[in-house]
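Engineer: As a plain string of letters, each chain reads:
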Amino acid sequence: MPATAVRPVRIIVAKVGLDGHDRGVKVVARALRDAGYEVIYTGLRQTPEMVVDAALQEDAQVIGLSIHSGAHMTLFPAVVQELKRRKATDIVVFGGGIIPDDDIAALKKQGVEKLFTPGTPLQEIVDWLRQRFPKGA
Amino acid sequence: MRDPKQAWKEDFESSPARDDGIESSTISGIPLQPLYTAEDRTQQPEEFPGQYPYTRGIHPSGYRGRLWTMRQFSGFATAEETNRRYKYLLANGQTGLSVAFDMPTLMGQDSDAPTSRGEIGHCGVAIDSLADMETLFDGIPLGDITTSMTINSPAAILLCMYIAVAEKQGIPASKLGGTLQNDILKEFIAQKEFIFPPEPSMRLVVDSIEYCAREVPQWNTISISGYHIREAGSTAAQELAFTLADGMAYVDACLERGMRIDDFAPRLSFFFDAHIDFFEEIAKFRAARRIWARWMRERYGAQQERSWKLRFHTQTAGVSLTAQQPELNIARTAIEALAAVLGGTQSLHTNAMDETLGLPTAKAARIALRTQQLLAYESGAANTVDPLGGSYFVEALTDEMERQAEKYFKQIEALGGVIPAIEANFFQKEIADSAFRYQQELETKRRLVVGVNEFTVDEDTPIEILRIDPKLESEQVARVRDVRKKRDQARCSNALSSVRKAAAGTDNLMPYILEAVRAYATEGEIMNTMIEVFGIYTERAVV
Numbered sequence: 000m001p002a003t004a005v006r007p008v009r010i011i012v013a014k015v016g017l018d019g020h021d022r023g024v025k026v027v028a029r030a031l032r033d034a035g036y037e038v039i040y041t042g043l044r045q046t047p048e049m050v051v052d053a054a055l056q057e058d059a060q061v062i063g064l065s066i067h068s069g070a071h072m073t074l075f076p077a078v079v080q081e082l083k084r085r086k087a088t089d090i091v092v093f094g095g096g097i098i099p100d101d102d103i104a105a106l107k108k109q110g111v112e113k114l115f116t117p118g119t120p121l122q123e124i125v126d127w128l129r130q131r132f133p134k135g136a
Numbered sequence: 000m001r002d003p004k005q006a007w008k009e010d011f012e013s014s015p016a017r018d019d020g021i022e023s024s025t026i027s028g029i030p031l032q033p034l035y036t037a038e039d040r041t042q043q044p045e046e047f048p049g050q051y052p053y054t055r056g057i058h059p060s061g062y063r064g065r066l067w068t069m070r071q072f073s074g075f076a077t078a079e080e081t082n083r084r085y086k087y088l089l090a091n092g093q094t095g096l097s098v099a100f101d102m103p104t105l106m107g108q109d110s111d112a113p114t115s116r117g118e119i120g121h122c123g124v125a126i127d128s129l130a131d132m133e134t135l136f137d138g139i140p141l142g143d144i145t146t147s148m149t150i151n152s153p154a155a156i157l158l159c160m161y162i163a164v165a166e167k168q169g170i171p172a173s174k175l176g177g178t179l180q181n182d183i184l185k186e187f188i189a190q191k192e193f194i195f196p197p198e199p200s201m202r203l204v205v206d207s208i209e210y211c212a213r214e215v216p217q218w219n220t221i222s223i224s225g226y227h228i229r230e231a232g233s234t235a236a237q238e239l240a241f242t243l244a245d246g247m248a249y250v251d252a253c254l255e256r257g258m259r260i261d262d263f264a265p266r267l268s269f270f271f272d273a274h275i276d277f278f279e280e281i282a283k284f285r286a287a288r289r290i291w292a293r294w295m296r297e298r299y300g301a302q303q304e305r306s307w308k309l310r311f312h313t314q315t316a317g318v319s320l321t322a323q324q325p326e327l328n329i330a331r332t333a334i335e336a337l338a339a340v341l342g343g344t345q346s347l348h349t350n351a352m353d354e355t356l357g358l359p360t361a362k363a364a365r366i367a368l369r370t371q372q373l374l375a376y377e378s379g380a381a382n383t384v385d386p387l388g389g390s391y392f393v394e395a396l397t398d399e400m401e402r403q404a405e406k407y408f409k410q411i412e413a414l415g416g417v418i419p420a421i422e423a424n425f426f427q428k429e430i431a432d433s434a435f436r437y438q439q440e441l442e443t444k445r446r447l448v449v450g451v452n453e454f455t456v457d458e459d460t461p462i463e464i465l466r467i468d469p470k471l472e473s474e475q476v477a478r479v480r481d482v483r484k485k486r487d488q489a490r491c492s493n494a495l496s497s498v499r500k501a502a503a504g505t506d507n508l509m510p511y512i513l514e515a516v517r518a519y520a521t522e523g524e525i526m527n528t529m530i531e532v533f534g535i536y537t538e539r540a541v542v
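Going down the list, the sequences are from chains A and B.
Numbering follows numbering that gives the first Met the number 0, in which position 74 of the first sequence is assigned residue number 73; successive positions increment by one, without gaps.
Numbering follows numbering that gives the first Met the number 0, in which position 264 of the second sequence is assigned residue number 263; successive positions increment by one, without gaps.
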């Protein structure tokens, strides 16, 4: 334990959309937990409203979204919009799934900070979070 | 003179070994010997194809009698657009159709439901009512082709739509051939497209099996699927064991209904993954046939040979494909497809190289189909039945697969059967553990994926991606609303209330659903009617 203990970063990981492909989200959730983050997995078929509700209730700093159905251009920005509506834009949103390059650029413009695509090493996700929250929450 | 085997052993041990840290077990973690000999085989009487227990194949003539069916899974955007793709594939020598539905269709909701937003036509074709199904098969004579439909929770509805389209084409249900996936257990276990709780879900499956045994006798009523279990991260042995355990659960449910085993068992079919570990997959297919034959004959007492034979479809492993250097996926798919052929598959889907990036383009879809044609007509793989039969290695691995599966059957039985094991999260946890172990092996480079954790390039040449026109969504929404406006309202609402009554009772639901479909009730309306009676299932999510 470091001398100045900090509150660990709390992350909501959520499956938005209708598909049930939860292999990726579960592997990422476990890896983040093993890396010392507090991870809350919401389960399947969460609407943007449900995701933001969970993040606010759990006082999370980060939302990680997973989708494999192709609806990312609709649902990822909807989560960002919902955060705006609830005045919670300090919560960082990242995502993963089958997302073509052009869509990644567009999603970043709409406020999704980081997107990870198939084949990303788990360590890369952890490294990004470490850099993004160097001092914990 | 040294004993030759002893001599080999000594020579092997004194040979330098690679020290790259790469695992020499199978991708599923089965430890492998560097060499297999006659001593590694469990003693078995000599086996022949077409003979019980069918380890070497269900047909005496293998592919000499008939090649496997080249059945490419396909569907996107609207029924009209997918109909064009089907005609393209049939014109290019494809021999059967396989329908991919979009997420709202798979989840039993109409295109104008709020949660369908952004999902319409993306990972399959959007079907809301019989009107869409008529468009999907327009100009395709349903009496001359066989069609596979990948649909589960709402399977009964989509089958009824297919029957209703055939009626309009003048083809009786008794002449229809094809396969309905209809495997709800693996949805709870792996793919998670469940809607109703397990019990009413199983009732619907048994209803459709019972109905088809009478009315659609050439239809494969269920495709008991390991594919999704494997793609979710299971090992080969888990895929094999969980799938066959599901199969036995369906058999038990049908017997409980009072059906006779030989009346439905011949129409049960299976669906496996062909992953990248070549020999392990071949062993898995061979073991599957042997185990099923034994259980059907010895435990369930089936009398007809047709009931003992495990017939299966194979799809190459989507999960093995990489977004990096995607052209390499053509090579991966060819290796996997060859494993399926050497394992004796009845039909095969080969994935397109661009599927980790989006839906396949027409060109990528054609290359995938051509890969099968190359295996069938150039490679020589179809000339000899079970060419790897008798290989010390493949036979030993086949025996090992069988041992591991039997061990799982005992565990599942101890948990009280498949449904209690689902409710205890047994399968879900086993699969998640395997997926995590594999991912750790990649992270530590004990396994390599070419182009991903080794042999990478800085920048990939972008490849063309099929895009779904966003306009499609509003057009499909307008279409379903139009259908609701123009139909015979009285007939439709009567049909729906009959469905509700039947769901609350014990009648076979199929005739009621068929009438609702004919009356142009939408998929969402029929599902919601049943949800009122059956309720919905929520999973207790475990990481």
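Simulated from the structure, these hints should not be mistaken for laboratory data.
Backbone N, C-alpha and C define an ideal beta-carbon position, used for all residues, glycine too.
Watch out, some of these pointers could steer you wrong.
[Stated by the list, open to error] Among the chain A residues that face chain B by a calculated CB cut under 10 Å, a handful are:
id : residue
1  : Ala28
2  : Gln56
3  : Asp58
4  : Thr88
[As the list claims (entries may be wrong)] Listing some non-contacts, in silico: residues in chain B with all C-beta distances to chain A over 12 Å:
id : residue
5  : Ser24
6  : Gln42
7  : Leu105
8  : Cys122
9  : Ala165
10 : Phe193
11 : Asp206
12 : Leu387
13 : Val451
14 : Asp506
15 : Thr537
Engineer: Work down the list of hints and note, for each, if the structure agrees.
Structural biologist: Hints, one by one, checked against the model:
1. Ala28: 5 Å, holds
2. Gln56: 16 Å, violated
3. Asp58: 20 Å, violated
4. Thr88: 22 Å, violated
5. Ser24: 20 Å, holds
6. Gln42: The claim stands: glutamine 42 of chain B keeps its Cβ more than 12 Å from every Cβ of chain A (closest is about 40 Å).
7. Leu105: Per Cβ check, leucine 105 of chain B is inside 12 Å of chain A; nearest 7 Å; violated.
8. Cys122: 5 Å, violated
9. Ala165: 29 Å, holds
10. Phe193: Not fine: 8 Å to the nearest Cβ puts phenylalanine 193 of chain B too close to chain A.
11. Asp206: Its Cβ never comes within 12 Å of chain A, the nearest being 23 Å, so this holds.
12. Leu387: 30 Å, holds
13. Val451: 4 Å, violated
14. Asp506: Holds, since 30 Å exceeds 12 Å.
15. Thr537: Given that some Cβ of chain A is not farther than 12 Å from that of threonine 537 of chain B, nearest at about 8 Å, it is violated.
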